[in-house]
Amino acid sequence: MSLGSLFQKKTEKPPVLPDIYEWPIYKLTRDRVSFMEEWIEATRNRILELTDNGKNLHEELAKTMYLEKIRLTQNPWKTDTEGEKRFWNQIRTRVLANADKSPIHTIDPVDAEILEDIIHTYAYEIRGNFKPQAYGLASQILPILFHRLLNTASARNMGRIWSNKHTMDERIRVVGPIDEIRLLSTKGTVILLPTHFSNLDSILIGYVLHKMGLPAYLYGAGLNLFTNPILSYFMGNLGAYKIDRRKKSDIYLETLKSYSRMALLRGGHSLFFPGGTRSRSGELEKHLKLGLLGTAIDAQRIALTRNDPEAPANKLFVVPLVLGYHFVLEAPSLISEYLKSTGKEKYFINPQVFPGFLSSFKFLWKFFSAKSEVYLSFGKPYDLFGNEVDTEGNSIDKHSRKLDLRSYFISRGEMRPDTQRDAEYTRMLGEFITERYKCENVVLSSNIISFVAFQMMQKKFHRLDLYGLLRLPEEDRMIPYDRFAQKCQEIRNEVLCLVEAHKARAASHLYGDIHRLIKHGLLNAGIYHNQKAIMLDNNGDISSEDMNLLFYYHNRLTGYGLETKI
Amino acid sequence: MDSKPRYENQPVGVLGAGNFGTAISNLIAENRPVLLYSRNPDAVEKMIAGRIARGQQLHPDVTPTNDLAKVCTESTLLFPVIASNGFADLMNKMAPHLHPHHIIIHGTKGFDVSLAGLEDIFDTDEIQLKSIRTMTEVIREATVVVRIGVISGPNLAAEIAQGKPAAAVIASHFDEVVREAAEVLRSPRFRVYSSNDVMGVELAGVLKNIFALASGMLTGLEMGENARALLITRGLHEMVLLGRALGSDANSFFGLAGIGDLTATCSSEKSRNYRTGLRLSQGDSLKVVLADMDETVEGILTTRIAYALSKREKLDTPIIDSLYQVLYHNKPISQALDSLMIHRRERDIDF
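Sequences listed follow chains A and B, in order. Counting from 1, one number per residue, gives the positions in the first sequence under our numbering. Counting from 1, one number per residue, gives the positions in the second sequence under our numbering.
Errors might be hidden in some of the hints.
[What the hints assert, rightly or not] In the BS3-like style, the derived pairs of lysine-lysine whose C-alpha atoms are separated by at most 25 angstroms in a straight line are: (1) A/K380 x A/K63; (2) A/K187 x A/K55; (3) B/K311 x A/K459; (4) A/K565 x B/K311; (5) A/K402 x B/K70.
[Said to hold, decoys possible] Here are the simulated distance ranges between beta carbons: (6) B/N330 x A/D465: 38 to 46 angstroms; (7) B/E313 x A/V16: 26 to 34 angstroms; (8) B/E346 x A/G512: 52 to 60 angstroms; (9) B/R312 x A/T342: 37 to 45 angstroms; (10) A/G386 x B/D175: 20 to 28 angstroms; (11) A/L472 x B/M341: 45 to 53 angstroms; (12) B/E30 x A/D308: 40 to 48 angstroms.
For the record, the hints were derived by calculation from the structure and aren't laboratory data. The beta-carbon is built from N, C-alpha and C at its ideal position, and this holds for glycine as well.
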């Protein structure tokens with residue numbers, strides 16, 4: 001099969017569920033009263049379980065109160081309200097008033113009440129709210145906005161503002177089994193697991209999912225993004241729920257997880273960025289955050305145990321998604337954060353301020369004015385155990401047998417919960433997804449040239465450690481073009497072998513004449529940074545103005561074992 | 001009445017009626033009925049008729065069988081304990097009968113090289129390291145089973161058969177696997193330790209065979225116990241280096257599966273690897289010795305793989321290197337020993 005056939009000629013597809021009021025995400029909002037009740041109840045039960053049937057509940061409350069106090073005083077954000085401070089002060093008073101108790105054997109009623117109030121507060125902050133009207137508006141406005149921005153920006157000439165030369169579909173390349181994903185979203189709950197490189201990711205993914213005719217996905221967005229009024233309006237009304245990364249208490253995390261688990265059980269297609277945050281190093285994610293993935297395993301077990309034929313989601317599917325950019329606008333700040341953290345420098349807390357309207361607009365403008373393509377490479381849908389699924393959603397093993405997923409949860413002859421076992425399944429799922437990321441990654445010309453250039457410099461100055469290499473004087477960064485081209489050729493061929501073995505994907509510009517590939521890469525690699533990651537110098541040899549950026553773009557191809565081929 | 005037998009009465013499957021397979025079948029039979037599988041129908045007939053396997057009297061609750069499907073269907077808990085060269089084949093045959101609720105705990109101390117591009121172990125082609133797999137990897141790739149464990153440790157089958165006390169370590173990422181195994185193996189003469197370092201325990205068990213071979217040679221050359229202590233200590237060092245290069249934790253090498261098993265096999269004529277080394281040092285050719293052995297001598301091929309791995313990872317493993325020269329390039333043992341003793345100066349402990 002030629003890889004070209006994977007590329008969809010036309011991304012636009014009719015909606016899988018034409019009636020927006022039938023979407024699971026809408027139903028979650030519609031049924032929010034019963035959903036909230038169930039959610040709070042589930043969270044409370046989890047916390048009681050975690051605190052040894054409430055025996056350690058008081059300590060848990062005191063810990064939570066303490067963590068919240070620290071957060072409010074040491075790491076305040078614009079989103080924090082006065083009401084929040086008042087609330088935690090009250091909790092503090094109540095917890096302290098209830099402190100001097102003789103050893104407790106049952107759940108203390110006052111503590112139980114405090115717990116209920118805390119979960120309630122968290123739940124109101126987290127919950128998403130999907131408004132079909134807002135979705136309709138966004139889905140009409142965004143394409144027009146994108147389209148105009150694209151044509152205007154790339155024309156670099158306001159006079160051509162109504163030109164129609166460039167379309168989104170030219171710029172956004174969607175790869176993968178779209179029809180299968182569409183079909184399975186009617187057979188169960190789909191969990192989309194994208195890599196995360198840029199703040200642009202969620203906007204792009206949302207746009208593409210809409211184009212694919214899929215119902216809106218639930219996703220957790222950082223609370224800090226809600227400081228921007230426009231983003232806040234759209235995300236809030238499109239069903240994004242809020243995640244506050246500062247909150248580390250068990251009660252908060254369990255509230256969040258219960259939300260995700262229950263939304264999945266009600267058929268809410270969800271999107272998790274399993275890497276947690278944007279990749280700082282530019283590498284494909286290697287270690288995933290397992291918290292939300294774990295809720296998927298839980299949800300699958302619960303769905304199979306209750307075995308309700310009426311339930312919307314007895315089966316969950318995961319779809320890996322890899323985004324590929326020639327140019328990541330935030331690369332300079334991401335890579336410097338990465339180097340700071342690995343350099344063991346004193347850790348400092350980022351103020352986490354999201355740009356205001358003007359800078360978001362600049363951000364989009366820069367993105368659209370770059371002519372380079374963006375790749376969204378969807379993987380095949382799998383069940384949570386990494387088995388392939390047929391068009392009916394049945395899991396299929398390596399011997400083409402239909403698999404009964406209940407079997408994964410059977411211990412000593414019957415289905416039963418086992419926290420340790422399920423945690424192990426979650427870890428295995430995480431490993432599986434990182435493996436899939438490598439396979440679905442569409443290798444671009446800019447990846448190849450950055451990788452080769454950095455590796456050649458590293459080999460030449462093998463006595464230097466990474467930090468020494470990054471501080472290499474500019475005159476030492478030169479690589480003769482001919483040798484560079486030869487290495488690019490070798491690495492390109494290695495990549496094509498990987499592609500042949502389904503261990504990676506290749507952009508169509510990767511084939512053919514190597515000089516054309518290099519030219520394409522140089523044109524696109526980090527093109528709009530002030531300092532070039534990689535470029536031709538006056539003599540026509542390869543050099544770099546910014547080693548950190550070169551390192552960042554190079555990192556995308558680590559993990560394939562290509563280093564030994566340089 | 002429930003037609004399904006209660007889980008507690010379910011038979012445990014032991015696959016492979018070799019020395020170790022028979023010994024642990026008898027051990028498990030003290031707690032649970034056992035289905036003991038052998039691929040050889042004649043051997044099964046004989047076991048049924050005589051109630052004896054490998055010289056060991058079979059416990060009344062051990063049922064020999066040649067029916068693989070039956071074992072997989074009736075048992076949830078399976079112990080494949082066969083030689084590494086038949087392991088992948090067995091897993092492929094079992095695969096159609098297995099489900100994710102099965103638990104597989106293997107006791108095979110070798111690498112899978114069925115795809116390493118060799119005709120036989122004397123094939124002079126270079127070993128393709130890419131295609132070398134641990135038994136756990138074989139199970140994962142061939143079957144849908146995920147609850148996998150490994151049993152390892154100083155378990156000389158003959159001693160277990162005689163009812164002498166012993167212990168083993170069971171390693172798995174799943175607590176449940178360790179729990180289930182410990183339950184069926186519990187006995188006043190057998191202790192079970194747990195670990196979650198699957199790869200470390202697996203590698204330790206595989207790599208120690210190399211040094212068991214070398215230890216047999218020392219005995220044959222009457223080198224004495226100082227030399228054996230030296231071999232064991234430095235051998236452990238080389239095992240740790242290789243284990244770490246392959247991505248496992250060093251800790252397991254200092255447990256039962258590492259130093260425990262190494263000490264036992266380096267000191268006992270009951271070890272096949274040791275006996276092989278002994279006979280080689282007495283002048284028999286490798287082919288003749290192997291032809292006389294009733295079971296696979298894992299250390300021979302493992303030495304070759306370890307040598308290739310060591311070269312790839314640029315490790316300093318003088319014992320493995322010398323043994324490789326002896327086994328595959330006819331270097332006289334005494335000469336190999338000499339070169340070992342005049343090896344350049346080294347630190348005692350450097351990891």
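Consistency of the hints with the structure:
This hinted pair does not check out: A/K380 and A/K63 have alpha carbons roughly 43 angstroms apart, beyond 25 angstroms. Distance check on the hinted pair: A/K187 and A/K55 sit about 42 angstroms apart at the alpha-carbon level, beyond 25 angstroms; violated. With a C-alpha separation of about 21 angstroms, the suggested pair B/K311 and A/K459 falls inside the 25 angstroms cut-off, and the hint holds. Taken as a hint, the A/K565 and B/K311 pair is honoured in the structure, with Cα atoms around 18 angstroms apart against an allowance of 25 angstroms.
This hinted pair checks out: A/K402 and B/K70 have alpha carbons roughly 20 angstroms apart, not beyond 25 angstroms. The hinted window of 38 to 46 angstroms between B/N330 and A/D465 holds, with their beta carbons roughly 45 angstroms apart. Between B/E313 and A/V16 the beta carbons are some 51 angstroms apart, a value that contradicts the proposed interval 26 to 34 angstroms. At about 54 angstroms, the beta-carbon gap between B/E346 and A/G512 stays in the expected band of 52 to 60 angstroms.
Checking the proposed 37 to 45 angstroms range against B/R312 and A/T342 shows it is violated: the Cβ atoms sit about 27 angstroms from each other. Between A/G386 and B/D175, the C-beta spacing of about 21 angstroms keeps the proposed range 20 to 28 angstroms intact. The hint said 45 to 53 angstroms for the Cβ distance between A/L472 and B/M341, and at roughly 47 angstroms that hint holds. Distance hint for B/E30 and A/D308: a CB-CB separation of about 44 angstroms, consistent with the stated range 40 to 48 angstroms.
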